[in-house]
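*Asks:* Each protein sequence line maps, in turn, to chains A and B.
First residue of the first sequence: 14, per my numbering; consecutive thereafter.
First residue of the second sequence: 14, per my numbering; consecutive thereafter.
Read the hints as simulated data drawn from the structure, not as lab findings.
In this text, a Cβ means the ideal position worked out from N, Cα and C, and glycines have one as well.
Watch out, some of these pointers could steer you wrong.
[To be verified] Incomplete in silico selection of chain A near chain B, CB under 8 Å:
| no. | residue |
| --- | --- |
| 1 | 28 |
| 2 | 252 |
| 3 | 332 |
| 4 | 340 |
| 5 | 343 |
| 6 | 344 |
| 7 | 417 |
| 8 | 423 |
| 9 | 441 |
| 10 | 442 |
| 11 | 446 |
| 12 | 530 |
| 13 | 531 |
| 14 | 534 |
| 15 | 543 |
| 16 | 606 |
Number of protein chains: 2
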Amino acid sequence: MSVATDHERPTDTADPAALGAALSRVLDGQFADQRAAARESFPAEHLHRDPEQTIEQARDWVLHRLGELSDAGFGAAGIQRDADDRPDPAAAVIAFEMLAHGDLSTLIKSGVQFGLFGGAVVNLGTRWHHETFLPDITSMKLLGCYAMTELGHGSDVSELETTITYVPEADEYEVHSQTPEATKAYIGNAARDGRMAVVFGQLLVRGKNHGVHAVLVPIRDEAGADLPGVTSSDHGGKGGLLGVDNGMLRFDRVRVPRQMLLDRYGGVTEAGHYASAIESPNRRFFTMLGTLVRGRVCIAAGGGIAARRGLSIATRYALRRRQFTAPGHPEGVVLLDYLIHQRRLLPAIARAYALGFAQNELTAALVRVQGGGEHTEREQRRLETQAAGLKALATRFANDTIQECREACGGAGYLAENRLVGLRADADVFATFEGDNTVLLQLVTKALLTDYRQVWGDLDRVGMVQATARMVGGTVLERTAANLLISRLVETARRRPEELTLVDRGWHAYLFEEREQHALSSLARRMRRASGRDFESVNRLGDHMLFVARAHLERVVLEAFIAAIEGCADPDARAVLERLCTLFALSSINDDRAWFVEHNRLSTGRAKAIGAQINALCAELRPDALALVDGFGVPEAWLGAAFLEP
Amino acid sequence: MSVATDHERPTDTADPAALGAALSRVLDGQFADQRAAARESFPAEHLHRDPEQTIEQARDWVLHRLGELSDAGFGAAGIQRDADDRPDPAAAVIAFEMLAHGDLSTLIKSGVQFGLFGGAVVNLGTRWHHETFLPDITSMKLLGCYAMTELGHGSDVSELETTITYVPEADEYEVHSQTPEATKAYIGNAARDGRMAVVFGQLLVRGKNHGVHAVLVPIRDEAGADLPGVTSSDHGGKGGLLGVDNGMLRFDRVRVPRQMLLDRYGGVTEAGHYASAIESPNRRFFTMLGTLVRGRVCIAAGGGIAARRGLSIATRYALRRRQFTAPGHPEGVVLLDYLIHQRRLLPAIARAYALGFAQNELTAALVRVQGGGEHTEREQRRLETQAAGLKALATRFANDTIQECREACGGAGYLAENRLVGLRADADVFATFEGDNTVLLQLVTKALLTDYRQVWGDLDRVGMVQATARMVGGTVLERTAANLLISRLVETARRRPEELTLVDRGWHAYLFEEREQHALSSLARRMRRASGRDFESVNRLGDHMLFVARAHLERVVLEAFIAAIEGCADPDARAVLERLCTLFALSSINDDRAWFVEHNRLSTGRAKAIGAQINALCAELRPDALALVDGFGVPEAWLGAAFLEP
């Protein structure tokens, strides 16, 4: 099978800056104006920490830097500043993205203070809490913690062991760490700077457990000493994020007044009885957890920016660096002219664009749900699923990509002054916090299975197989954007998939859809057989569950890319984006090509040709490399890499 | 296709310590006695650095610690201490392995001082150098640098720009950094501790360039000040290895006496003329570079130990940690009972064993070549190829595995006190130094192609295809061990591969051989077509070259595993090793199963069944998990992970 080259062969970019700017506008998408304004006003003087700082120096620097950014409007952006302010989720995410261009400790400290601590007060609290605490939280006068995770319970929040017990005699709550495992762990702002914590625990009222709730607990006095009954400790050195003072908190029967409970979804009335507008404890729990969604949207965005920074550094270096002479290259071959080097960087660049478009859709969904307008519960649930999934996808991508970039820069990549190792070390834990990636991917699959069961639950095996064939455009494969176009593409491709070229967009969309659809329906069947049986029967489906989540997310990302291209009017940018989209799609298909062949979605002849087509795309995109990273919208001066200095 | 379970299902290990000890003896292989003795006498009190040390503190600590280890016999082990001492390569590698159980900065500082600096004096110098410098080098009185890499020339050593010019009038050499790119960079001991450097550069004698040679140049006075003409600088912070003082060196027409040239393979005679026993400059260059081989053997070994440490920590944690309750698991499910968690750790454990067996063969080959006995040039070349390849394979594995271990331990894995992040950060650059992994893999393929051409060079296309079928047991697929057994297994499997179970060892060996053989012969054909054409024609084969190298190395590793099992008399250990070998083999086949299907070596039915077979093997090995990591021979007390403390 020969390699299709129906994309026009590009000439060397005449004006990389213009092409980069055009790409950047497409990548900024519906938030282009806000992002451009944020870039304009962003204080870019002290972007990077000195990597030789001690932990104490790093914490001081970060606290100071966060104040500076907060003064410039990049702290509590989008968070209500008082009880009457309106939320602006887009502003919050965009501010977070901007911070992700600098020191990531500062980014995460901002997330702890404004997103988690402030966000909990906003979302779980009521008017009194907003009036009393938001002005000091948003001005950083009151620094706080989000004390959810416990030593014994990282991912399993419903089993938290901390108790919040209502004491009727005193009209107070008693907050208590029942066991060593109940110790709050990995909590930002807990080791040093926090003065108050949102503490999650089981709410016990008159002997009855009403499930996990959150309460505000002062933890330190003005001077920084632990308040009576509170014991804080310091996690000290970490793999990165040295400027964030993560630590542990223990509570020994600490009393707080009744109104300190964040009681939007449930609390104790003046009469001393538990009341909640949400009947089901389970639904109440998930409603409260739903407030985590913005954090996940932000971390996905932050991971995306971190990967772009890494790719910008490594690509710019690869365009300057020469190694080994070759015929026709007496000065040495430019690193990025090596096919192997292109394969390291260009597919990652394509995926970075793809994830960027998906991130835009995710942020837009957050705006719909949390922007103060009307939204359905279905939209809320869908947002939660996509946020969990994209967080896992984007942070995995960031870790893998920055590491690849580090290695692609050789020994120079290992020097702190070139910023890749610090970026890598800081971004590492993005894979863990705000929900462990492996757990989040399982959440995605569970949500898909729930949808699936709602549609197919009462069909028997034969009925399911028949129905599967009619499923395209149905409920499970919900369209995100460019709905009709993609349906049409897929339907056309379905008729004669093997006759299409490898760069045919409909063929890509068809394969992505088939991968998700088949994997999901077969998992549903296996789940049905396993359900009601022992733990092990379901446990053995774990790898299948992860595959389904990834297949789903890949489809969502591809469709976001297709929609973005549809919206692109600039012909030069569009031509490049078409190639990038093909490179992204073929790389994804290539990684799973065994699956496609095994499931008769791909002939072995076509499968073998994909690698050569990827190589051809790399060659086609090589002349645009500089414009591609310019298009990420990370100004070169912000990269802070010593080896890129003139 | 159903999952074969012809391995006996193990009962839970009755005595994990006994099984672990038995496994450890097999893994220690032919070096079991030496390794046991080294473990016994290893000073294990100050294994780990305080991760909160500043760079200066870290350098002080490491220098002191290296002295302590050196006093205990773990410094210059195996290096000649004077001109009449004998080399003992096994002792050198085993000492390096032991050091790899502790702080990796200390390991690398030891490698710089004894392996590189000392090794260059031993291998490139002659009697006068040995008499004059070895006693002080091995006693650490004289600390030194191995100044090969230049800013402009990392991987391309033949193009170094530093010059070593013979000045007849003075009977001296003038060492000079001709350009900014000639600056020696990333050099260990250069920033602070080194007093002398082995400087590599182009040797110019009376206007003629004799290619790269090495010369001893004093760089600092006793007080640590740069000597006249020498400018050192400090690379400062790095991604890890903070205790190694890497820096840069520039030379401004620095003069040294004639005898300072390490002239074993070439130098200037008393009469002032160049002389070398090796006629061809190219062969001379590669002979000198050949002395790098021990460094690569050591780094491969060090990477292997680092991965074992990571797996020991993560597996022990996964055996204690519970998360989420499930039917039948009211206390929560032990992490390692999750299939997904098994898939993260157990195949990596299997591969760690596999690499360990290959490492033993590599070390044995080093002993044959550098142990002072007779050896052929063929053995030397083969050693160089395997050292380059296994270094690349083992360090890639170490990086990927320790990262997986970090993530598998969640937030706790990110805390410095649990040692994974420090290990990961330090081991990172193993992928780059002693030869960039990507470059090394290409060296492997080039060596294979050279062998291939020698055998098949004069055959035409038809002849090659016919000959390929007769090739098994021939020269290109050289047998490393268990020669006859493997030939027999492969020949039997070749007759009816699709009828064998998925756990059939012959089938594994057959597929590994087919993968290498087919990939190599098709690359050779493509190379022949490309040769003589432009750079780009060969460049486009880059990904194919990397595939060949990996396929070759996988086969070498599998055969080492098979040979080790053959030598194992303990039935319990043998049963476990059979399962581990199958898990390793199937994981490797699974990763490339698209290739096998595309090349008609595997039916889609069998391909689809491999995943389930891997899951079944994980379940079978799960009860032995503790014994498996015990078998790595890393005492639990040495791990230093806070969360494993009782």
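*Asks:* Hint by hint, say whether it matches the structure.
*Replies:* To see whether the hints hold, each was checked on the structure:
no.: 1; hint: 28; verdict: 25 Å, violated
no.: 2; hint: 252; verdict: 3 Å, holds
no.: 3; hint: 332; verdict: 16 Å, violated
no.: 4; hint: 340; verdict: 5 Å, holds
no.: 5; hint: 343; verdict: 11 Å, violated
no.: 6; hint: 344; verdict: 11 Å, violated
no.: 7; hint: 417; verdict: 11 Å, violated
no.: 8; hint: 423; verdict: 5 Å, holds
no.: 9; hint: 441; verdict: 7 Å, holds
no.: 10; hint: 442; verdict: 5 Å, holds
no.: 11; hint: 446; verdict: 7 Å, holds
no.: 12; hint: 530; verdict: 17 Å, violated
no.: 13; hint: 531; verdict: 12 Å, violated
no.: 14; hint: 534; verdict: 16 Å, violated
no.: 15; hint: 543; verdict: 12 Å, violated
no.: 16; hint: 606; verdict: 5 Å, holds
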